[in-house]
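First to last, the protein sequences are chains A and B.
Mapping to numbering that gives the first Met the number 0: the first sequence position 131 is 130, numbers consecutive.
Mapping to numbering that gives the first Met the number 0: the second sequence position 261 is 260, numbers consecutive.
Keep in mind that the hints were calculated from the coordinates and are not lab data.
Just so you know, these numbers come straight off a predicted model, no measurement behind them.
Everything hinted at is true.
Chain B is nowhere near these chain A residues, computed Cβ spacing over 12 Å in every case: (1) 10; (2) 163; (3) 335.
If you want the footprint, here are the derived chain B segments under chain A, 3+ residues with CB under 8 Å: (4) 81–87; (5) 311–324; (6) 345–351.
C-beta: ideal position from N, C-alpha, C; glycine also.
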Amino acid sequence: MSTNEVSLTPAQVEAFGRALDALKAEVIADLGERDLAHIRGVIAKSHAAEIAGRAMLHFGLGPVSFLGGVAALASAKILNNMEIGHNVMHGQYDWSGDPALQSSTYDWDTVCPAANWKNYHNYEHHTFTNVLGRDRDIGYAYLRVCEEQSWAPRHLAQPVVAANLALNFQWGIATHDFRFEEYLDGRLPMRDLPRAVAPFLRKAAWLLAKDYVFFPALALANAPRVFLGNLLANGARNVWAFAIIFCGHFPDGVAYFPEESLAGETRGAWYLRQIRGSANIEGGPLFHLFSGHLSHQIEHHLFPDVPAVRYPAMAVRVRALCEEFGVPYNTGSFWQQFGTVVKRIFRLSLPARRVSSAPLAAAASL
Amino acid sequence: MSNTLVAESPLSFFSRRMMLERPFETLVRQLAPTWSRTETLAEVVELRRESPRATTVVLAPNGRWSGFEPGQFVPVTFEVNGVRTTRCYSLSEAPRRGRLHITVARHPQGKVSRHVHDHLALGTVVTLGEAAGALVLPREPGPVLLVAGGSGVTPMRAHVRALAERRALEGVVLLHDARTEEDLLFARDFRALTLAHPGFAYLPRTTSGDDPTLRLDAARLATLVPDFASRTALACGPGGFVAMIEAAFAEAGAGARLRTESFTAPMAAAPPANAETRTIAAPVALLRSQVHFNADGRTSLLVQAEAAGARPKSGCRMGICHTCTCTKRSGTVVNLLTGRVSSEPNEAVQLCVSAALGPVELDA
Ligand SMILES: Cc1cc2nc3c(=O)[nH]c(=O)nc-3n(C[C@H](O)[C@H](O)[C@H](O)COP(=O)(O)OP(=O)(O)OC[C@H]3O[C@@H](n4cnc5c(N)ncnc54)[C@H](O)[C@@H]3O)c2cc1C
Ligand code: FES
Chain A
0 MSTNEVSLTP AQVEAFGRAL DALKAEVIAD LGERDLAHIR GVIAKSHAAE IAGRAMLHFG
60 LGPVSFLGGV AALASAKILN NMEIGHNVMH GQYDWSGDPA LQSSTYDWDT VCPAANWKNY
120 HNYEHHTFTN VLGRDRDIGY AYLRVCEEQS WAPRHLAQPV VAANLALNFQ WGIATHDFRF
180 EEYLDGRLPM RDLPRAVAPF LRKAAWLLAK DYVFFPALAL ANAPRVFLGN LLANGARNVW
240 AFAIIFCGHF PDGVAYFPEE SLAGETRGAW YLRQIRGSAN IEGGPLFHLF SGHLSHQIEH
300 HLFPDVPAVR YPAMAVRVRA LCEEFGVPYN TGSFWQQFGT VVKRIFRLSL PARRVSSAPL
360 AAAASL
Chain B
0 MSNTLVAESP LSFFSRRMML ERPFETLVRQ LAPTWSRTET LAEVVELRRE SPRATTVVLA
60 PNGRWSGFEP GQFVPVTFEV NGVRTTRCYS LSEAPRRGRL HITVARHPQG KVSRHVHDHL
120 ALGTVVTLGE AAGALVLPRE PGPVLLVAGG SGVTPMRAHV RALAERRALE GVVLLHDART
180 EEDLLFARDF RALTLAHPGF AYLPRTTSGD DPTLRLDAAR LATLVPDFAS RTALACGPGG
240 FVAMIEAAFA EAGAGARLRT ESFTAPMAAA PPANAETRTI AAPVALLRSQ VHFNADGRTS
300 LLVQAEAAGA RPKSGCRMGI CHTCTCTKRS GTVVNLLTGR VSSEPNEAVQ LCVSAALGPV
360 ELDA
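Only chain B is shown next, with the shape it has when bound in the complex (with noise of 0.2 Å):
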């Protein structure tokens, strides 16, 4: 999402103007997959089954990537069934020169997630966001807490790995919750760790399903690392988990030593109910023109943003000519032709035959 303006060169200006461009990236593409001059693509070009549920994928990016800290995330966009689709996951291995490691977690209804634990092939070309996430270490940090619940370990894992590449791993102590053994992930490479590193401390725990009495939580993470409140400390895993974590920090009054990070999954989209007795008041933000409405779910976009002094394009105010077509920056709105939903940001959508069904936000 960089602004960075970019000279162009007379070669590409040329073959811009001529439309040789298309043909021009057809060829270099059949020789070099993720050639792009504007995008940040990635070939897939290893898959790593770390457990039954979940799948590591090496990543080989083009020469845009510009690089990530042990700890941050990468959005990545899958095609799923031919629909470009974005997740954020977490770099599960320290920097490498040319590769990227994330580790996706299947969930039973997930759509990406699915994707790639059950379909995602060698070869597959994906694109990249650019890095981020606080979930970072100062470069001298001390005694080191790092508190991971389920698959919340990735970040962690990209910082155990470093630091123990840089010999700093002693004293380290890493706490990984997780539901059974299986979801112990990287359990191995953990434990060979602290062979290599007598001082590095895994403590690996499983609450085997959903018992609340052997979650983790203050006393027990007091009993586990008496000495927590006084380290650098990362917390990462769901909502819950972390802010049962932040909770403790709080108590002990050391709220300032620690970062986290949950991996919240996106809500999912309202189900389209009965379009004539569907009654909301969502809020609709039109970004470029600054107008602000609530629409109802039942009425299209388009009436509600004119209704609200808007002037968005249009033509044929019926689904057809896609006049009216911009991109949903973040939502759920439902086609009231096909009823499909659309609940992934920036997306595509017709404003003449869209209806809110929730909150968006449009670029109109």
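Here chain A stands alone, though its shape is the one from the complex (with noise of 0.2 Å):
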């Protein structure tokens, strides 16, 4: 496992970072009808695998119909989220001019309001990665993920806290942005409060209607298998995408960085703040594709507005640059990656012992 230490001159840094915007333009220049044809067609694989997944859970006896259901149902789920989802809001297929396909107007079938969404994670985290007091993704709030977090008894419960989120996993999200701690201590008026939800809570209210009282509704008497399916699927989307996302930042082997490094940062040195903070996880077109591609977390954290299908091909030539520069890219299995995280969440639910994170890393070593 890496050490995840880098040792370059400025110049070098800057040469890294210019070779890493060559590439970005390169493949930029060769966007087209391809790129739009694959998001199409996931879209519509989704589509069919919603109505497919749905007609299987209302008109299907059995249980076998009952599991393809609910397989098919959180697959169109999957896609939604994390291939077409994410993927279109970072404006990956803005350049198209497609109306069904703008990250301004685009809104994805999970409770989370686009419009949080995209402040929290395309801003705040995108930008902010892995700065602590910045990048509130860490740990979102919840979990003690490295060594610099402090303690907090709290912490204790954290495996519990986990599991929990995991199952959860799209109202952590969707709450993200509120900021709720910070109303709670007062540093937010709660009278502002009502307002910053009330989108959130109007578009949950639909889509609980729709999932646990419409279908079921239609299906009269298969009600309790449709609402009993939605909610399986739902909570397989759920915990799926926590794994994928989980896996982004928090395996071992992941940099953490501190305020300062934020000072007078390069191109150059963002870049390279992107790569040491993410991890990849190696897998089958099928699994790239399911993890909307955040397989590629570090190509994604590189060129987040890139068309993610780009990031296997790009990914080549991002580990090449890395080698050549002494970068470290963090990659493994997916249950080489996620052990270390579960390993980790349990670890760190203790006070101060030392992991085998990096050490905080200095900017002044750049």
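Put the two chains together into one complex; each comes in its own frame, and the hints tell you how they fit.
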């Protein structure tokens, strides 16, 4: 496992950054029909899976069609959230001009309103990746995932909290932008809260009504089966998204940064922080697709608005550049990466004990 | 571009709120590819080679299409290598139930016209705007003169066909100037109509390349159509050609009898010069915040907009989050990171990493 240390001169850092800029420009110039065909194909498949899944739950009788229905509906929701929604909202297809694929207007089929997501994810998380105090995705305000976060007694319960977050991940995602903790400790005025959460409550109410009232009611006698099927599909999507996303920034070997590292950070240094703060998961094309290509978290953090389907090819070039410049490139199988995440959640539930996470990357070492 | 407020049906309200709209649309589009509640879509149902350099595209629009008059044009949005691009095309056939014809002349470097002529496939779905244009005839026009230069014959074709259908082609003169025999589009059709309607005069001329002495001018117009100044006249063609006809009518004191249109191609984007040395002062208009300023060609539009007192939305300020993305209504900008130039109207641009290459209007 890498120690995630780099020793590059400032000139080398900028040369590294320019090489990545050039790679991005090359891919951007090559975007076209193929990329659109890919995302439209995935959209069509996700809709087909949703229709098939709901039909199996509604009209089927035995356990086979039940499990098939859950699997199809969960697949549809996963594709919608991960390969389609997440990527479209990053502006990966803005260049096409297709009104159905614009980051400014797209909304995904999960209870988190697009506007909240785009603020804390596209802006905060992607700009300030792994910077303590700036990137609120480090542990999602619930968990202690790196040594540098100070320990509190509530962290003793974090294995249970994490399991709960996994099962209800869409709700964690949806409420993350509201900064409840800051309302509670008075940093934000309580009277602003209702207005901030109103769009979320409205969206959540409609989506809950869809899966737990409307479709069950439509199924008449099959209502309990549909209710349960929808619950399981949503749950499967939650656990899957949690697992993939937690493998992005919390496996061993990932670096976290102090706030001072942002001062005067150059573009090259920003690129470097993205690589050192992210981890990839190895797998086949289908695995990459169902992860929304977040299995290429490193490439996604370098090029968040490049169509994700391009990441596997770009990864070969990024990895070669990393080797050339002596930059660690964190990748491993799903179980390898996820295993270290789970271990870390357990280990860090207890107060200070060194983990093999990289020492707080000092800006001075750049 | 209509702003008519359509009351939403309860079904559509529920399906939108429950996010069932898109799966439903996918399902319906399997059966009816042009079905849409919001857009005027049309399917390419026939492609006709009119010449080695021109193609007629026959379109079947959906029910949202609201019709046109002969002589009008329609903005058509094609997907050219995945990028939606809109151009105006005159309708080249009389209004027919359920079918629209446009005829596209291939420009050697043209983005859309080359795509249409070389690559467009049957079954493609395109998006239509609303028909517009004032190159129309009054109901009782009296003697008519139609003057066309090059592919400017397309709206005239719609007029001639519509007049023929109304048996009103007697006394109509159609003058068409084109470079070569091949560019005399619809010549066979027009000749056939002169046989069926003996009072219809079709005067095709080839100017064989660029010989200026063969081009139509006021004197030639007077020789060919001595009574031109007393006719209701329409002219369409390249800018210079139309200007010459306008001058001839003005000189004869008949300017009011003439309506013109020219197929002005938009100015090609200025090539992005070296960012360090690019010095321009381009007027930028932020349409929503009503802020105006002069942009240099190097600094991001976001920084300059803020300096001018506007507060466009922004986040990362380095081109990754798309918070600052807005629609550019017109003008040309360059992406400072990727070098990608945006010159088409209504493209999404990121203010924090885009610099102006000329006058720009932004929806910010
Ligand atoms: C009201 C109206 C009606 C019209 N009706 C018709 C019609 O019926 N039929 C028809 O064919 N057209 C019509 N046009 C013109 C049409 O809208 C397009 O402008 C035309 O098809 C060219 O579009 P394009 O995308 O192919 O060319 P563009 O890519 O927009 O290029 C425009 C011109 O610039 C040239 N050019 C592009 N790039 C370069 C470069 N790098 N260097 C030098 N030159 C370059 C091209 O050769 C072309 O001549 C109409 C236009 C208007 C405004
Ligand atoms: S402000 Fe983030 S892309 Fe422009």
